[in-house]
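Trainee: Below, each chain spelled out in residue letters.
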Amino acid sequence: MSSQEEFESHIAMRAALNEQAGMDPVEARRAAERAFGNRGQIGEAVRAVSVPVWLEQAGQDLRYAARGLARTPGFTLAALAALMIGIGTSTAVFSFADRVLFRALPYAQEHELVWFGVTGPLSGGTEFILEQNYAAWRKQPTPFSGIAVSSGVNDCNLSELNPVQLRCADVSANWLSLFGYHPLAGRDFRPEDATVGAPRMALISRSLWRTRFGGGNVSGRVLVVDGNRLIVAGVLPEHFELPSLARVDILRVLQLEENKAASAPTLLLTAFGRLRPGVTLENGRAQMEPFFREGVRTSLLSTVKDVRFVIHPLRDRQVRDSKQAMLLLLAAVALVLAIAVANVANLTLARATARQRELSVRAALGASKARLARQALTESLVLGLLSGAAGLVLAAGLLALFRALAPEGILRLSEASIDWRIAGFALLVTAGSSILAGLTPALKTPSSETLTGARVAGRRQEWLRPSLVVLQVALSLTLLCGAALFLQSLRNMANAPLGMETSSLLSVYARVPEARYPHPAQRASFWRSVMERLKSTPGVAAIGMADSLPPQGRTQSRVASSISVPGRPKPTGPAAMQSGRVSGGVVVRHVSPSYFPMLAIPLRQGRVFTEGEDRAIILSERMAARMFPGENAVGQHLTLAGEGDFAITAVVGDVRNGGLVANSDPEIYRASSGERPGQYILLRADSRVVPFVREAFRTLDPRLTLQFQTLDERVREMRARPGFQSMLLSGFAVAGLGLAAIGLYGVMALLTLQRTGEIAIRMALGATASGVQRMVLRQAGAWTLAGAALGIGGVAAGGQLIEGLLYGVRATAPEPLALAIGTLMLAALLAAWIPARRASHVDPARALREL
Amino acid sequence: MAPLELLILQSLAPGPNHGFGIALHVQQTSGGLLEVEEGSLYPALRRLEKDGVLTAEWCTTEAGRRARLYQLTPAGRKRLTQAQDRWAEVAKGMSRLLRFT
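Protein sequence lines correspond, in order, to chains A and B. Numbered per the numbering used here, the first sequence spans residues 1 to 851. Numbered per the numbering used here, the second sequence spans residues 1 to 101.
Since the hints were made in silico from the structure, they are not lab data.
Reference listing, derived: stretches of chain A covered by chain B, where coverage requires no fewer than 3 residues with Cβ under 8 Å from a Cβ of chain B:
hint: 1; segment: 12 to 19
hint: 2; segment: 35 to 49
Ranges of calculated distance between the beta carbons of each label pair, as one might list FRET restraints:
hint: 3; chain 1: B; residue 1: Pro-16; chain 2: A; residue 2: Glu-19; range: 21 to 29 Å
hint: 4; chain 1: A; residue 1: Glu-33; chain 2: B; residue 2: Glu-57; range: 23 to 31 Å
hint: 5; chain 1: B; residue 1: Glu-89; chain 2: A; residue 2: Val-361; range: 41 to 49 Å
hint: 6; chain 1: B; residue 1: Pro-16; chain 2: A; residue 2: Arg-30; range: 28 to 36 Å
hint: 7; chain 1: A; residue 1: Gly-22; chain 2: B; residue 2: Pro-16; range: 26 to 34 Å
A few chain A residues that face chain B, going by a derived Cβ cut-off under 8 Å, partial list only:
hint: 8; residue: Ser-3
hint: 9; residue: Glu-6
hint: 10; residue: Ser-9
Quick reminder that beta carbons are idealized off the backbone N, C-alpha and C, glycines included.
Given only the sequences and the hints, what does the whole structure look like? Please build it.
Mentor: Given below as structure tokens:
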């Protein structure tokens, strides 16, 4: 403190002078101090000189604000809580949605990248191209400056002493350069790596590089994956990600034949292109159309019905599935925020009315209107900043909670964290809402008339407060109704019949590498030995095998039109189209005979095939009804194109096979031969058998990785995501309801407080306590009803938006709406009851004296 | 122009001085008739400094003590002349007024 130092030197000089005059040193010092006076006070006065006026006034405003807020702790806490909840939830959800919808993708010139391909009824919304298309389009003058393809991500095994299950993707050699990546270490793929017969090169993820090679030199190192030798070329950069967002450990270079015959079997490739600079999406689509038509004409695609060419901006395609859910969450949160802002505005307004007299006194004492408005603004700004800080804390907590509760695979939730942009967003919302809330009362003119107290102030704006309450009620009804719909949909999902019994069943999945088991007979013999061995394992009551498991997951499927009844013409014409006989897919599952009793799938007709009966098939009821309407299917035959005729031995009950939400497809069961490399072993056993199962596999082949899962778990996982969404939405609905109730309570409380005099007069004139209560409740009830009526309109408008996310319940269903209205009424009644009771306890004598 | 500021500017006319020096100078030259209180002196110094009439810097005195030395700026000298003239007029007016009664 420089002025204190200056004072010290001043005192020291006087003390020295005093000493010269003959005082003893102690006395001299003391006299000098006395002469100087209070150093702290003088320092304060010096500092005051340098403080500008506006700052001084701001300090004054802050002090007034703090004092004002502390004087009405009820209001302050309610407003703080409302804003905190609003800001906290909106920030948390925005942080989350930001990652999904708005973040920058880690690709160079992201806007030029597109996801394109052919789609048709069979591909179920996924786009692909054929090898032949890729070979042709790379060389043709397409609108793309580059095309990269991938054949997808699959499980793969690092076959070493300790087998590790990894995720491998096969990609074209130009993958990294198309997306604008550079390898972290080593080199990128080269065009010559993609020629058939060249050594297979691989790029490994950064984490695999760390764990397997300790981050050292990797070029030329060899990995054995699924029995194949891969040579490591380099390391993927840190922020590498596949457009599908799938986790990947190893990228292998795709080696495709250049001149494949049009009819030759082909991989289905996912394709990405980079549009040439200046080419818009629309142009690109138009320019690509002739190449697409040529590609269809000259390939297998010509035999498929209804194929279309599609091209999406990469980002749009990537967020397609989560976009709707995200937008719904954002909408829910916007509603909560709106309720919170209306709430605070209302509370501030009510309080300002109550403080009208104080403001009039200050105006009369010479405070300008601008000064009073500024002070009101300061107050709401202080409130806003405080609750903004509290809201950020809440947001961090909520994000942690989301992460802890969220099921696997929610897009990018694990990456979401509060960053500075989002903190900025929160501040914007805070400042905006608090200024909005503060401005409304600040713009009111405090008239000197109110000083007399002869008139109840603020009569003119009596419409504003009720309409804010009505708005809050309406918004929270919309939220509540949305939550009720989602809960109903979740319950439907939980109760949807699966068509099978999943309890006390354990599944083990393993895949034998085709490199080590090249012949179907070898694989069949391996799986036969596994079954034999496990049959005698203690604790295993029953055992079965299947190449896929319902209710969801990768299944083999066929185009319905490739299945026919021998000797009958293929069904055509509009009637067949309508009954779905020619379009759509049919699930084909290879199962052991024990599959049906183990899953308790009911046998409707006939007998289950026996092991090794490979010309026999079993149909699901839906399939039987489709192929043989009104006939007995058992004993008839079906032709599967390319595989010959099969005798139908039985018809069994339908089982959900398209997930919990989507419609199920008809299904065909064939006797499992164990020739397919990947198989599920089904065990009626509990998890105590896991070590025995591991041991059994180990003795047969120590290099396989096993995945254990109970069937109950499989089903639960599928419900996890809709469950998470419903939980979030219900949380917001409860927050919104709570806020609306706080708002209603606050306004009713203040209103009854203001009407104390009126109520006292009524009671003095003979009104009963219950009569007064009814009067207050009637008013609150009227507002709530008006809000609910408005809210139903909101529900009707918003319903269409969420219809697609619901299962088994229409957005216009009456039960959830009734539930929401009931809950709302209950909360409103509770919020109004407390002030009503207080009003009825007014002591007329006292209240009239204070009037 | 308050009398205190005139006293300060006048004390600094001969050359730079520190706060204590200014107080002492006023006391001595007025023969003990006038006294500057520290409680007003330092805020006044800071105000003059802010107005650009004075500059200040830390120096070491002949006695080896650290002190903050104030010095008139050209604007300060101009202000001093104005203040002197004004004061002379006020004093003239005052003395006439006093004689008249």
